[in-house]
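Undergrad: Single-letter residue listing:
Number of protein chains: 2
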Amino acid sequence: MNQDEERVNDNIARVRRHPGRLKDDHITLSHGAGGKQSTTLLDRLFFDVYGNELLDQGGDSAVVDLPGLLADAQAEGAKLAFTTDSYVVNPIEFPGGSIGELAVNGTVNDLSVAGADPKLISVSFILEEGLEVATLRRVAEAVRDAAAEAGVTIATGDTKVVPRGAADHLYITTAGVGVIPAGRDTGFGKVQVGDRILLSGPIADHGMAVMMARGDLALDAPIASDTRAVNKLTAALLEAVPDTRWMRDATRGGVATVANELADATGLGVAFEDEAIPVRDMTRAACDVLGIDPLYVANEGTFLAVVPKDSADAAVEAVRAAGAPEARLVGRIVEEPAASVVLVTGFGGARMVDKLAGDPLPRIC
Amino acid sequence: MNQDEERVNDNIARVRRHPGRLKDDHITLSHGAGGKQSTTLLDRLFFDVYGNELLDQGGDSAVVDLPGLLADAQAEGAKLAFTTDSYVVNPIEFPGGSIGELAVNGTVNDLSVAGADPKLISVSFILEEGLEVATLRRVAEAVRDAAAEAGVTIATGDTKVVPRGAADHLYITTAGVGVIPAGRDTGFGKVQVGDRILLSGPIADHGMAVMMARGDLALDAPIASDTRAVNKLTAALLEAVPDTRWMRDATRGGVATVANELADATGLGVAFEDEAIPVRDMTRAACDVLGIDPLYVANEGTFLAVVPKDSADAAVEAVRAAGAPEARLVGRIVEEPAASVVLVTGFGGARMVDKLAGDPLPRIC
Chain A
481 MNQDEERVND
491 NIARVRRHPG
501 RLKDDHITLS
511 HGAGGKQSTT
521 LLDRLFFDVY
531 GNELLDQGGD
541 SAVVDLPGLL
551 ADAQAEGAKL
561 AFTTDSYVVN
571 PIEFPGGSIG
581 ELAVNGTVND
591 LSVAGADPKL
601 ISVSFILEEG
611 LEVATLRRVA
621 EAVRDAAAEA
631 GVTIATGDTK
641 VVPRGAADHL
651 YITTAGVGVI
661 PAGRDTGFGK
671 VQVGDRILLS
681 GPIADHGMAV
691 MMARGDLALD
701 APIASDTRAV
711 NKLTAALLEA
721 VPDTRWMRDA
731 TRGGVATVAN
741 ELADATGLGV
751 AFEDEAIPVR
761 DMTRAACDVL
771 GIDPLYVANE
781 GTFLAVVPKD
791 SADAAVEAVR
801 AAGAPEARLV
811 GRIVEEPAAS
821 VVLVTGFGGA
831 RMVDKLAGDP
841 LPRIC
Chain B
481 MNQDEERVND
491 NIARVRRHPG
501 RLKDDHITLS
511 HGAGGKQSTT
521 LLDRLFFDVY
531 GNELLDQGGD
541 SAVVDLPGLL
551 ADAQAEGAKL
561 AFTTDSYVVN
571 PIEFPGGSIG
581 ELAVNGTVND
591 LSVAGADPKL
601 ISVSFILEEG
611 LEVATLRRVA
621 EAVRDAAAEA
631 GVTIATGDTK
641 VVPRGAADHL
651 YITTAGVGVI
661 PAGRDTGFGK
671 VQVGDRILLS
681 GPIADHGMAV
691 MMARGDLALD
701 APIASDTRAV
711 NKLTAALLEA
721 VPDTRWMRDA
731 TRGGVATVAN
741 ELADATGLGV
751 AFEDEAIPVR
761 DMTRAACDVL
771 GIDPLYVANE
781 GTFLAVVPKD
791 SADAAVEAVR
801 AAGAPEARLV
811 GRIVEEPAAS
821 VVLVTGFGGA
831 RMVDKLAGDP
841 LPRIC
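As they're listed, the protein sequences go chains A and B. Heads up, the first sequence is in the working numbering, so the first residue is 481 and it goes up one at a time. Heads up, the second sequence is in the working numbering, so the first residue is 481 and it goes up one at a time.
In case anyone wonders, no lab produced these hints; they're calculated from the structure. Some clues are possibly wrong.
The list cannot tell twin chains apart, which means a pair is met if one copy fits it or any two copies do.
Claimed, not checked - Cut-off 25 Å, straight-line C-alpha distance, at most; resulting in silico cross-link-like pairs (SDA-like, lysine to any residue): (1) 670 to 832; (2) 835 to 793; (3) 789 to 700; (4) 835 to 756; (5) 712 to 544; (6) 503 to 758; (7) 516 to 754; (8) 789 to 504; (9) 712 to 829; (10) 670 to 609; (11) 670 to 548; (12) 516 to 835; (13) 835 to 536; (14) 789 to 628; (15) 835 to 508; (16) 516 to 621; (17) 789 to 769; (18) 670 to 610; (19) 712 to 545; (20) 670 to 532.
Modelling step: build the complete structure from the supplied sequences, incorporating the hints.
TA: Below you can see the structure in the form of structure tokens.
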């Protein structure tokens, strides 16, 4: 950098760093119009909360050195992973987290189960006119903290404001970029009969926590969302068991839906042992009261992995040691029934686990 | 690929390609619940409209070979560009385009003006319950066609459904990944006193087209949005004038806002020649009636570039030849007034062009 560039860059830093907090109490349409108020919202809320060098570049695109991005991967065989998700959960804050953690962890997890090391995340807000600025700040702080916890950089973002009644508080869309190091290769095509299925933790906590938080049930139970980033878990699994076949986080539609996708795509059967699938007592009780099968309830920090039979115990140990002490084996890949999911009960019986139909739990993520 | 993998991959293709069109006429909450209806919406609308090999991978992340992504760039000095934008334009269809083109072109353009060649795009929909499926299909087709026109691959996406009244028809968030080849280096820090400012076409068409389309003005004029991808224009400019200093598309807040950002960030002055800035007659008339300065009106396919004085004519020729026949020089970078934008009138007068305050044109993009 020559002297001229240094001077200009100092100036950029100065311009982007209007000190102080946003004075407004509520979001107005002006905050989304692209003028002074938009700049103030950016500087005094978003940059104030999660400013970093990439955001300080000042353009609409983050520009990243590829060698830096690929530092730990061998560029020769490395692949890029790219994903996106929108979050419309209602309510936006619930026991265990908020839409902010959800938006970061969900995208981090989509990259992780693709075998990628998550690197960059974009965060785009759609705000409803009248939203409390204090709420927005809490959500932005949740975004920042979740990104830090997962080790991803908030690289770029956007903010739009829609009139009162054209959104429900706020929606977030995140996109993520990750790098799959050379040699990692997971996918439906690797799954074989006899493989074992690992589940990283108890299921159904997220969906039930959100249902409870809505307060429109004649029921109150202290259930917290499982929202968390799983990238450290998947990385540990891939290190311990490099020939891990396939991984997927069990979000919308729950374990049943993800397992059906696996069965559909491979043409093989997925056989779960009913008693092996962990559900916390409180969560199971809430599901029972509502007549909902926990297998269909969304999780936001729990994943399934298919691993070779001979490495199954090593897989469980690795995931447990990396921070999921309740990880366990819950089933196996079978030849028959083809392209189907079955739950094998303790008495030797079996029932089919069909795809989710209808919409028992709307706006859970 | 071995035989087993081929068999499974054939199966994936079969599963993802449920033939036929979506039978529903309207979107329901079930389409967003992650179950059968969600899969049907994906297969029979989104994959039907813009299915491609990356989407056929079937996971939540697109996985891309880096050598393929970097084919034209020298990996050594190449950089990655990453951007996102949400689109909430009202109405979602207007003369010259729809929210679909806007969402693709806007993200393609953010990458382009960063000096990147746009490669991948993600497309995430938030749908309002009750939305007509026919409308969604038209928008998805606009997304597909705009992506094809710009030469970017739709790599991944998501769909959420919110209850009636929690959105306004539909919102789209796109994110984009591009590659900046080795040697390209633009940014605020390159801008120097004496540089010339290029504008790629007439301004204010997009904002006024959307205002007209709302139909709540006592005014009707045939104005079409300028929405277009500018990546072929910026690539031609960078090839003809490799030491192009800086580029930016003049979206929300218009040319005035972008110029103020340039002035703020560099500490230098931006001097426009009033008569040089092209505004179509119809658009100027509409602005006059509404009392809106076209300099503040959003554009969706028009960009500013700062180029060295000696290459200014070559820059204009290159952009014109690449498909923007109305490109022209509209001003220069000056020492004084520092960190400000001025409009020099034909009579030798000058007026300051301040930042946009308030919100004259909400939900224009």
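Undergrad: Would you mind marking each hint as holding or not holding in the structure?
TA: Evaluated hints:
1. 670 to 832: within (24 Å within a copy, 65 Å between copies)
2. 835 to 793: Result: close neither inside a copy nor across copies, 29 Å intra and 63 Å inter.
3. 789 to 700: Answer is neither; intra-copy 41 Å and inter-copy 70 Å both fail.
4. 835 to 756: Classified as within: same-chain Cα gap 20 Å, cross-chain 62 Å, threshold 25 Å.
5. 712 to 544: Intra 23 Å, inter 22 Å, cutoff 25 Å: intra and inter.
6. 503 to 758: Neither: 47 Å inside a copy, 38 Å across copies.
7. 516 to 754: between (58 Å within a copy, 23 Å between copies)
8. 789 to 504: Answer is neither: 58 Å inside a copy and 44 Å across each miss the 25 Å cutoff.
9. 712 to 829: For residue 712 and residue 829, neither the intra-copy (37 Å) nor the inter-copy (63 Å) Cα distance is at most 25 Å.
10. 670 to 609: Classified as neither; 49 Å inside a copy, 38 Å across copies.
11. 670 to 548: between (31 Å within a copy, 23 Å between copies)
12. 516 to 835: Between copies, since 6 Å is at most 25 Å while 50 Å is not.
13. 835 to 536: Result: close only across copies, 20 Å inter versus 46 Å intra.
14. 789 to 628: Answer is neither; intra-copy 35 Å and inter-copy 44 Å both fail.
15. 835 to 508: between (43 Å within a copy, 18 Å between copies)
16. 516 to 621: within (23 Å within a copy, 35 Å between copies)
17. 789 to 769: Close neither inside one copy (37 Å) nor across copies (74 Å); limit 25 Å.
18. 670 to 610: Answer is neither; intra-copy 50 Å and inter-copy 40 Å both fail.
19. 712 to 545: both (24 Å within a copy, 23 Å between copies)
20. 670 to 532: For residue 670 and residue 532, the Cα distance is within 25 Å only across copies (22 Å; inside one copy 39 Å).
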